[in-house]
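**Q** Listed below, chain by chain, are the residues.
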Amino acid sequence: MATESENIESLVNRRYKHGFVTDIDSEALPPGLDEDVVRAISARKNEPEFMLEWRLRAYRLWLEMTEPEWAHVHYPRIDFNEISYFSAPKSDKDRPKSLDEVDPKLLETYDKLGIPLHERARLAGVAVDAVFDSVSVATTFKEKLSEAGVIFCSFSEAVENHPELVRKYLGSVVPQRDNFFAALNSAVFSDGSFVYVPKGVRCPMELSTYFRINAANTGQFERTLIVADEGSYVSYLEGCTAPMRDENQLHAAVVELVALEGAEIKYSTVQNWYPGDENGKGGIYNFVTKRGDCRGANSKISWTQVETGSAITWKYPSCILRGENSVGEFYSVAVANNFQQADTGTKMIHIGRNTRSTIVSKGISAGHAQNAYRGLVRVMPQASDARNHTQCDSLLIGKDCGAHTFPYMEIKNPSARVEHEATTSKISANQLFYCRQRGISEEDAVNMIVNGFCKEVFKELPMEFAVEAQALLNVSLEGAVG
Amino acid sequence: MLEIKDLKASTGDTPILNGLSLSVKAGEVHAIMGPNGSGKSTLAQVIAGHEDYVVTGGSVTYKGEDLLELEPEERAREGIFLGFQYPVEIPGVNNAYLLKAALNARRKHQGKDEVDAFEFLKLAKEKMALLGMDPKFLNRGVNEGFSGGEKKRNEILQMAMLEPELAILDETDSGLDIDALKAVAQGVNALRSPDRAIVLVTHYQRLLDYVEPDVVHVLSGGRILRSGDKSLALELEEKGYDWVREAATA
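From first to last, the protein sequence lines stand for chains Y and S. For what it's worth, my numbering labels the leading residue of the first sequence as 1, then goes sequentially. For what it's worth, my numbering labels the leading residue of the second sequence as 1, then goes sequentially.
Be a bit skeptical, because a hint or two may be false.
As the list claims (entries may be wrong) - Quick list of in silico lysine-lysine cross-link-like pairs, BS3-like style, CA-CA up to 25 Å: (1) Y:426 to Y:455; (2) S:136 to Y:459; (3) S:182 to S:122; (4) S:63 to S:136; (5) S:108 to S:127; (6) S:136 to Y:455; (7) S:125 to Y:426; (8) Y:459 to Y:412; (9) Y:455 to S:151; (10) S:8 to S:25; (11) S:182 to S:125; (12) Y:347 to Y:399.
Unchecked claim - Covered stretches of chain S, as calculated for chain Y (at least 3 residues, CB under 8 Å): (13) 64-73; (14) 105-111.
Claimed, not checked - A few chain S residues facing chain Y, derived, Cβ under 8 Å: (15) 50; (16) 88; (17) 96; (18) 97.
It is worth saying that the hints were derived from the structure and are not from the lab. Each residue gets a CB set at the ideal place from its N, CA and C atoms; glycine is no exception.
Here chain Y stands alone, though its shape is the one from the complex (with noise of 0.2 Å):
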């Protein structure tokens, strides 16, 4: 199966060589919004009435709601008539035109992350004449899968091929309604990801935002659903591991998981957004809202998330475990460094008798940078015999950084079993002074320390994932100890 990837990888690597899909070329609306730039939106992706409707539906509910400012992290008030909420890609001539034109020290990032030549051009938006490959290796992968009878497509294109499935299941886990970001999103949603498993079917290979086409510019209010249908399997990949640079400043997120009787969906992210420079200058602010749904007995949703970007993560990947026996697993290593501030964690939702949970989080910081933990974990009255563990680390490097944890439990079932185990530990100068002792750099016992810290989060991801993820993470945390 490795090898599998692998070489798909390899091959749609290759395609990428010829750089933009183009073909989504338009103009941009004004800054602003209101109920015509929903409409508009709506209308230039051809969407059907009840799109339209479920749109406004959003935007009306957004207007009543207030941005949340409970999470542990400080920016600026966010102007929202300033953004324009449909914007075309950079054309062409606003790009750099060769690698030569790019910044020097992204080019360094990539070369560290062995990021293959042709993927950083990419990667760093340099503009390349698309020419499109008659044979296309996406096409080829696409027709393994519907051979397995697996929908993967854009957003777009399930709204217009599937109709059906997208209104029976949009919205079904996050409701328009559910917070500030999430209304926000579900009014003006510009492109993402559509899964679907049938009844029975692994799907035989790992999904991947790279596979898909169109995967590049979906913006910044992306919407991601993946439905799996009874006793099927599917394993999703987010994400990229090299830095990814975008001028849109506000990421607002949304994905949707459903998992029916017996299916089993493993959702893996590593999010490398912008995190703004050393003084903390620019960087992404990612507001993000993920969820699944264990709707059936027997169903299991695991989430595992690598996070070292984004000047501002606010990311809370839950799991509503409805069905009996389901389970919900959540495994995350959030990094902050220079001025990051991340405030994420679970929600584990327990409705079903006999449920599980397993809650691992491992939180890094370093330089300025604050990392807050928060989770939830709520037994209600009907979920008997529920069983929760949560773990949740710390470490920190150097002294002006803070780790915070929120740990959240509402049980109402007395039959539950709920452990919380916290730890905060730091890299101390004994230890790296022992490391150099031994004649490793201090910067290789960094690594090697935050490596060994992270290991049960790792180990849960994609063996492929797992090494660029580690390799990441040492990048990351560079010039963070001196």
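Guided by the hints, dock chain S onto chain Y, whose structure is given.
**A** Below, chain S alone, put in the same frame as chain Y:
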């Protein structure tokens, strides 16, 4: 190999070494003894390059080069090994991983090929057998939950693997039972060779029953008060440190 001249060092505002001179040649084993607070550990830390200690005067030359110019990791790669008095725990980092990284850092510096996992394991198991260590130690976190004796044996294992040219053992013998002490002594003796120098920093004469030193120094007040052959250690044991101090001031 190691030439220390009139070395002065302090931590914070407190001077600890006050003009210490010491010359160690390849092939020699030196024992540095002295009461608590005499500066023994400081000397070891300064040679290894710990940044808490600031050199305020004098010079340290190692293999003809100015040692004080080098970063701690460069000193290590050049063959200086410090066996710590209190080896630090590094939870989550595999003992074998650290050891292999250390070994390869040194080999790379020497222009040798790095060892692979297979060669490494073979070598490590050999050395562990010699020291009477359970191979399971390799898979535990670095010193994580080790007893005092296990930590010290682990230091000796690292030394045996890295084959340093200058090994400084800072009170490696303290707090050991007789079996551990013998194992440590065996590790040290196995390393003795005409190309290497070993400096044993110790509080008691006990270790010297098993590792015979060529030279014994008595350190007090940040200076070497007296040097002699191994009989000096025995004399100290009998008469106590005050005897040296009195003799020095007299």
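**Q** For residue 108 (chain S) and residue 127 (chain S), compute the direct alpha-carbon distance and say whether it is at most 25 Å.
**A** Holds - the C-alpha atoms of residue 127 (chain S) and residue 108 (chain S) are around 21 Å apart, at most 25 Å.
**Q** Residue 182 (chain S) and residue 122 (chain S): Cα distance at most 25 Å?
**A** holds (24 Å)
**Q** Is the hinted pair residue 63 (chain S) and residue 136 (chain S) satisfied, with a Cα-Cα distance of at most 25 Å?
**A** violated (37 Å)
**Q** Per the CB criterion, is residue 97 (chain S) less than 8 Å away from chain Y?
**A** Nearest chain Y Cβ about 7 Å off; hint holds.
**Q** Given the hinted pair residue 125 (chain S) and residue 426 (chain Y), is their alpha-carbon gap at most 25 Å?
**A** violated (32 Å)
**Q** Has the segment 105-111 of chain S got at least three residues whose CB is nearer than 8 Å to a CB belonging to chain Y?
**A** holds (count 3)
**Q** With a C-beta cutoff of 8 Å, work out whether three or more residues of the segment 64-73 of chain S approach chain Y closely enough for the coverage to hold.
**A** holds (count 3)
**Q** Checking hints one by one. Is residue 96 (chain S) an interface residue toward chain Y, by the C-beta closer than 8 Å rule?
**A** Result: violated, 12 Å to nearest chain Y Cβ.
**Q** Is the Cα-Cα distance between residue 455 (chain Y) and residue 151 (chain S) 25 Å or less?
**A** holds (23 Å)
**Q** Is residue 426 (chain Y) close enough to residue 455 (chain Y), meaning Cα to Cα at most 25 Å?
**A** holds (17 Å)
**Q** Below or equal to 25 Å on CA atoms is what counts here, so check residue 136 (chain S) against residue 459 (chain Y).
**A** holds (22 Å)
**Q** Would the hint on residue 88 (chain S) stand, with a C-beta cut-off of 8 Å toward chain Y?
**A** holds (5 Å)
In summary, the numbered hints that this structure violates are 4, 7, 8, 12 and 17.
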